[in-house]
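Build the full structure now, drawing on both the sequences and the hints.
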Amino acid sequence: MVDYSETSQVVTLLTRNHGLVPALAKGVRKLAVRSASAFGGPLDLLAEGDVVFLPPRSGELATLTAWGVLNHQAAMRRDLAAFYAGQISCEFTIALLSPHDPHPELFDQITAAVGRFHTAQRGLALVAYLKCALAAAGYQARLEACCVCGQAVRPGARVRFIPAMGAVACDSCPIHSPTIPVQSAVILALHRLVPPAQLPHRPPDKPADAAALLLAANLLVSQCQATTDRRLRTAGLLELFFRPREMRADI
Amino acid sequence: MGNTRGGYSTAVRHLMELLGRLPGVGSRSAERMVFHILKGSADDALALARAIEAVKTQVRHCSICYHLTESDPCEICADPSRDQTLICVVEQPKDLFQIESTGAFHGVYHVLLGHLAPLDGILPGDLTIDALVARATEKSPDASPRIKEIILATNPTMDGDGTALYLQQQLADTGVTITRLARGMPAGGQIEHANKAILSDAISGRTRIQSSQ
Ligand SMILES: [Zn+2]
Ligand SMILES: [Zn+2]
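Sequences listed follow chains A and X, in order. If you read the first sequence in this note's numbering, its first letter stands for residue 3, the second for the next number, and so on. If you read the second sequence in this note's numbering, its first letter stands for residue 1185, the second for the next number, and so on.
Keep in mind that a hint or two might mislead.
Stated by the list, open to error - Listed next, the stretches of chain A that the computed footprint assigns to chain X, with coverage defined by at least 3 CB atoms under 8 Å from CB atoms of chain X:
1. 44 to 54
2. 185 to 194
3. 235 to 245
I should point out that these hints are in silico values taken from the structure, not numbers from a laboratory. These figures come from a predicted structure and were not determined experimentally. Glycine included, each C-beta is placed from N, C-alpha and C at the ideal position.
Here it is, written out as structure tokens:
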């Protein structure tokens, strides 16, 4: 998986065994036509492939020496919503993981999520991946009980989500950080949501509620932003992803 | 760091610094350029200075297609021999020059001035998409769309493809035929040496050469 910056030719690779690897890729721009070189296929955003790199000598930057593309995400290139979901997942991962910190399980989850972004499971897959990424980075959201009084979140109750803590609290318990009011049904569904790889490829009998998924995704994005103290540039895409043009009333 | 520029006068240092900011010009090359300018004639140096001033003061974006031009509309938009009902959408003026150099395209252009790159904070509002949609919405006197076809010639990168998808969505209601550049095997290429991305594009984008009946 790759974040490709055109100007610097510095790419961020998400590798299965070495985690995020910022790497210098010289001559990458001309790859598509020179397939006989050590670089097989274009090194593009979210492309999946085999990579060989030299570890950094000083600083963080590794040197990419060989690349062979296995999957250039053909389906994502034909589906605007999948494109949005890919961008969001990419930025979320880069924001949360530290370089050279291996997370093989997260690698498998983003692969599973990306494979579902062009299916009817796309909304669930995206939210499930954001949840996984936070957990992998050590910020697993605590959603089953109030973080102040310990009382279990009950169906039908109104609770508050605390982005800076990745936790919930009852309406009445005192909290000093900013909170987002939310129906407990959203919190409980988010708590039960399985990782992307465990989502069935077949869509559920009852389609997921897009508004609830958007709210859940926004909670996780706000948690990511509060924990990393940085604004996600792709956060604005969530609205476009969950509410496609034909469903929006303002157009 | 590392380059010693002590001993140079303020004016020389300033020019070196400005030249050193140009793409592909390091401090060594900047130094060589300044010496070249100092050694050459005053006329040549001033001609260079005036040429730089001219491109910045006289070259602007065409108000129709956003190509770089000194006259508005640009020569291509103003050319009655070109098919004004066929628009080729490109990311950058340099892509337009490249397509023009083939001599294979006789329509007009629309330059987006970039591509969607949400990770870099580049969103639809940063491109000339609204102007393209406005062009696509124009009607002929008989109320049919004035534009017949729009070719999306953004790069086949993930962001270029995403940009094309977004444009496709924005242009869906205009009734204009939307096409995308073909992709796949280059002429003269060999399947044996093609990478998987190119080969799978070539298979999914195959074209019919003979009908079954
Ligand atoms: Zn409580
Ligand atoms: Zn023009």
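Okay, the hints, checked on the actual structure:
Given as covered by chain X, the stretch 44 to 54 of chain A passes the check, having 5 residues with a CB less than 8 Å from a CB of that chain where 3 are the minimum. Only residues whose beta carbon comes within less than 8 Å of a beta carbon in chain X count, and the stretch 185 to 194 of chain A has 0; fewer than three means the coverage is violated. Check result for the stretch 235 to 245 of chain A against chain X: holds, 4 residues qualifying (beta carbon to beta carbon below 8 Å, three or more required).
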